[in-house]
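**Q** Per UniProt numbering, the very first residue in the sequence shown carries number 1; after that it's consecutive.
Take these hints with a grain of salt, some might be off.
[What the hints assert, rightly or not] Only pairs whose alpha carbons sit at most 25 angstroms apart, straight line, appear in this in silico DMTMM-like list of lysine to aspartate or glutamate:
1. Lys156 to Glu144
2. Lys217 to Asp263
3. Lys217 to Asp170
4. Lys215 to Asp152
[What the hints assert, rightly or not] Distance windows between CB atoms, simulated:
5. Gly142 to Glu232: 43 to 53 angstroms
6. Gly19 to Ser235: 47 to 57 angstroms
7. Asp236 to Gln104: 34 to 44 angstroms
8. Ser218 to Phe24: 18 to 28 angstroms
9. Asn39 to Arg262: 14 to 24 angstroms
10. Asp165 to Asn261: 18 to 28 angstroms
11. Asp236 to Ile265: 12 to 22 angstroms
Please keep in mind that the hints were generated in silico from the structure rather than gathered at the bench.
Because the structure is a prediction, the values reported are computed rather than measured.
Just so it is clear, CB atoms sit at the ideal spot from N, CA and C, and this is done for glycine as well.
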Amino acid sequence: MTAVHAEIRHPSVNAAAPGEIALFAENIVLAFGGLTVLNGISLNVRVGELLALIGPNGAGKTSMLNCISGLYRPSSGRIHVGDTDITGFKPDRVARLGISRTFQHGELFPQMTVIDNLLAARHARIGTTTLSEIFRTHAARGEEERHRAHVDGVLKFVELERYRDAIAGDLSFGQQKIVGFARALAAEPSVLLLDEPSAGLSRDDREGLAYLILKSKSSLRLPVIWIEHDMEMVSDLADRIHVLDYGRSLADGAPRDVLANRDVIKAYLGEA
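Kindly generate the complete structure, drawing on both the sequences and the hints.
**A** Following this line, the structure appears as structure tokens:
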């Protein structure tokens with residue numbers, strides 16, 4: 001393993017054994033008024049595993065990630081990261097436990113440089129009141145150097161180091177997607193949540209992203225929950241697939257088995 005890889009690994013991932021359950025959700029129900037969005041969802045992801053979460057539009061995939069990351073509080077059910085019950089934790093507390101995610105529509109600060117976007121993603125790792133405080137105080141220079149060294153390592157890992165000082169909004173759409181992915185890695189995740197990271201990308205950019213997802217899983221042993229509509233990518237990359245359909249779990253298993261499941265074909269692919 002290279003020094004760069006070691007720099008961006010999360011201690012809790014380092015300590016966990018391959019195949020150990022990193023996160024599990026049990027009987028998650030999410031309801032808004034009379035509308036039940038998630039109805040008894042149970043799933044888990046293991047260290048070094050890439051779990052694809054698929055299903056038709058409106059199936060509840062993003063809502064499930066929102067429950068895990070603290071944006072939504074489940075109506076019932078429990079979510080654990082390792083031995084910690086995180087059910088109902090606010091997003092900042094979830095982030096401090098190492099849950100990091102990307103969003104469908106991006107989350108970059110377009111007027112900031114690439115490196116500053118990654119530094120901003122490390123807010124959960126900075127023990128002072130504000131980001132500006134840590135980077136101005138003389139006593140914190142050593143910590144600033146450590147944070148900058150970490151994000152430089154992440155940029156090298158995703159092969160965007162030449163854009164370190166570029167304005168994020170000036171990059172191509174594909175490059176911005178990779179910066180968003182790098183932001184999630186910069187937070188030193190113990191679990192990585194990816195919400196349709198390939199949406200809108202060209203084929204070449206999708207292939208580049210697929211390479212980085214696999215690299216993160218294999219080199220960093222990250223557990224990944226990945227929402228994706230590109231079934232070719234899912235079939236090629238996923239270790240396991242969990243299918244949602246109108247808020248219910250429809251199937252869970254190896255890609256070959258799940259994608260051949262007649263109920264999945266009917267519900268997701270729209271075939272009789």
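**Q** Look at each hint and say if it fits the structure.
**A** Outcome of the hint check:
no.	hint	verdict
1	Lys156 to Glu144	holds (18 angstroms)
2	Lys217 to Asp263	violated (29 angstroms)
3	Lys217 to Asp170	violated (29 angstroms)
4	Lys215 to Asp152	holds (17 angstroms)
5	Gly142 to Glu232: 43 to 53 angstroms	holds (47 angstroms)
6	Gly19 to Ser235: 47 to 57 angstroms	violated (22 angstroms)
7	Asp236 to Gln104: 34 to 44 angstroms	violated (21 angstroms)
8	Ser218 to Phe24: 18 to 28 angstroms	holds (22 angstroms)
9	Asn39 to Arg262: 14 to 24 angstroms	holds (22 angstroms)
10	Asp165 to Asn261: 18 to 28 angstroms	violated (49 angstroms)
11	Asp236 to Ile265: 12 to 22 angstroms	holds (18 angstroms)
Violated hints, in rising order: 2, 3, 6, 7, 10; the structure is consistent with all others.
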